[in-house]
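Asks: Okay, here's what each chain looks like letter by letter:
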Amino acid sequence: MVDVGTTLEMVQASQLGMKAVGAGLAVGLTGVGTGLAEMGIGAAAVGATAENRDMFGLALLFTVIPETIVIFGLVVALLLLF
Amino acid sequence: MAGVSSSGSALYIYACTRMRVRRSQLIPREDYLRMLNMSLPEITRFIGETNYRSEIDELGTSFSGIDLVEVALSWNLAKEYQSILELVPGDLKYFTASYLRRWDIQNVVTVLRGKLQGMRPGKIKEVLVPAGRLDRVVLDRLVAEESPERVVEALRGERFYPTLEKELPRAMETGSFAHLENELYKGYYARLIADATSGLKGGDVFEKYIELEIDIRNIQNLFRLRASHVHEDIRELMISGGSFKVDELQRLSGLEDRDEFIDALKRQVRMVPLLNALEEIRGTLALHEVEVALTRVQLDQMERMSKRYPFSILPVLVYLEEKKYEVANLRALARGKEAGLPGERLQGYLVM
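One line per chain: the protein sequences are W and F, in this order.
When you line the first sequence up against this note's numbering, it's residues 1 to 82, in that order.
When you line the second sequence up against this note's numbering, it's residues 1001 to 1352, in that order.
Be careful, since some hints might not be right.
Derived CB-CB ranges, DEER-like [to be verified]: (1) LEU61/W with LEU1026/F: 18 to 28 Å; (2) SER1176/F with LEU60/W: 57 to 67 Å; (3) SER1024/F with LEU36/W: 20 to 30 Å; (4) ARG1029/F with LEU60/W: 24 to 34 Å; (5) THR68/W with GLY1343/F: 45 to 55 Å; (6) ASP1031/F with LEU36/W: 34 to 44 Å; (7) GLY57/W with LEU1026/F: 22 to 32 Å; (8) GLY57/W with GLU1030/F: 22 to 32 Å; (9) LEU60/W with ARG1235/F: 49 to 59 Å; (10) PHE72/W with ARG1282/F: 55 to 65 Å.
Footprint (simulated), chain F over chain W, 3 or more residues, beta carbon under 8 Å [as the list claims (entries may be wrong)]: (11) 31-43; (12) 50-59.
Derived by calculation from the structure, the hints in this document are not laboratory data.
C-beta atoms are modelled at their ideal positions from N, C-alpha and C, and glycine is treated no differently.
Kindly produce the complete structure, drawing on both the sequences and the hints.
Replies: Below, the structure is given as structure tokens:
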């Protein structure tokens, strides 16, 4: 005979676990995506700044634009958890 | 992305961006036009305020006038090329070094010519551009040698030593290094093709550039030969490896009529900018204008290709070539002003 109380607890716990995994994936994968996107931009930004110091501000701005992706991930993670 | 190795793509992007930024800092057309109306001291001061500042300042105490400009330009070019060789990564370095070997040929032939004419070592040293594999130390050693034979002997082990050894007796006999120079450059282009097809990543893009360069060089030579009315066998003077076969070039050079020659050339060419340039050339008779127009086509076409392969050897080559012409332009300007030529005449010689 199945213990109904225990099963419900298990389901709830596993749901919570799944949410946590989802939140982790959301932040983790977007982090990887951001990293990939920033690789090229960062390399170009360092190259441009090395030749012309005045580029620094603009180059930094371009480099951090893909950070928005990881922020989306973070927002989704927070929505999942709370 | 053709020509990019998967592990080093960030390095390629870094190097190519640096080349693009450097290219944007070259002297623009408007500044050349302004310089055409300046005197030599004004030009010296003007370039002393650009990228050539450190050389002009450094050499200002030991040289003056036209010598200062000449030496400063050569030093700057050599320094720039060596710094590029240091910053480009991986296979790009290999290709760049391979491209820069042309300066070795130029330097060696200059040393040989100087030695044959009994020039002072100091004077020869002033005109050398140590931008290739042979650095200042090696070149100083060559310049200090007594005779052309000793110079060639000192180069034993270099790639072009066999050609030098074979051709030197004939050159010494005739007193002209023209044939030797042709053979060296033909060997250089053959070697470039071998390097490009050696299986390194990005070699295909490099090969495209080499083909373009050989084609333009051959067409320029055809125009030069026509201008000096040479109708003999020109097969020996042409560079093989381009999109034209040497026999085809020989046939083209045999055409008497200039319009007929240009038409025949146009039938063989597919590149639109070159077709347009050939059409424009039809009206011009001055050889230097034809050469400048063709050089412009080469640079424009390279620029176009470098946009198609943005992270390859091409952005590096575009910068190297444009820098070379910037130095050539400034030298022509300074020399022309020294000789008192009017600005309008000088303008025709500048690649802008």
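Asks: Hints first: check each against the structure and report whether it holds.
Replies: Status of each hint after checking the structure:
Here the CB-CB span from LEU61/W to LEU1026/F is close to 26 Å, well matched to the stated 18 to 28 Å. The hinted range of 57 to 67 Å is satisfied by SER1176/F and LEU60/W, whose Cβ atoms lie roughly 59 Å apart. Look at SER1024/F against LEU36/W: about 28 Å separates their beta carbons, and that is inside 20 to 30 Å. For ARG1029/F and LEU60/W, the hinted distance range of 24 to 34 Å is satisfied, since their beta carbons lie about 32 Å from each other.
One distance hint, 45 to 55 Å for the beta-carbon pair THR68/W and GLY1343/F, holds here, with the actual separation near 53 Å. One distance hint, 34 to 44 Å for the beta-carbon pair ASP1031/F and LEU36/W, holds here, with the actual separation near 41 Å. The hinted window of 22 to 32 Å between GLY57/W and LEU1026/F holds, with their beta carbons roughly 24 Å apart. At about 27 Å, the CB distance of GLY57/W to GLU1030/F agrees with the hint of 22 to 32 Å.
Between LEU60/W and ARG1235/F the beta carbon distance is about 58 Å. The supplied range of 49 to 59 Å therefore holds. The given range of 55 to 65 Å is respected by PHE72/W and ARG1282/F, whose C-beta atoms sit roughly 60 Å from each other. A stretch counts as covered by a chain when three or more of its residues have a beta carbon under 8 Å from one of that chain; for the stretch 31-43 of chain W and chain F the count is 4, and the coverage holds. By the rule of at least three residues with a Cβ nearer than 8 Å to a Cβ of chain F, the coverage given for the stretch 50-59 of chain W holds, with 4 such residues.
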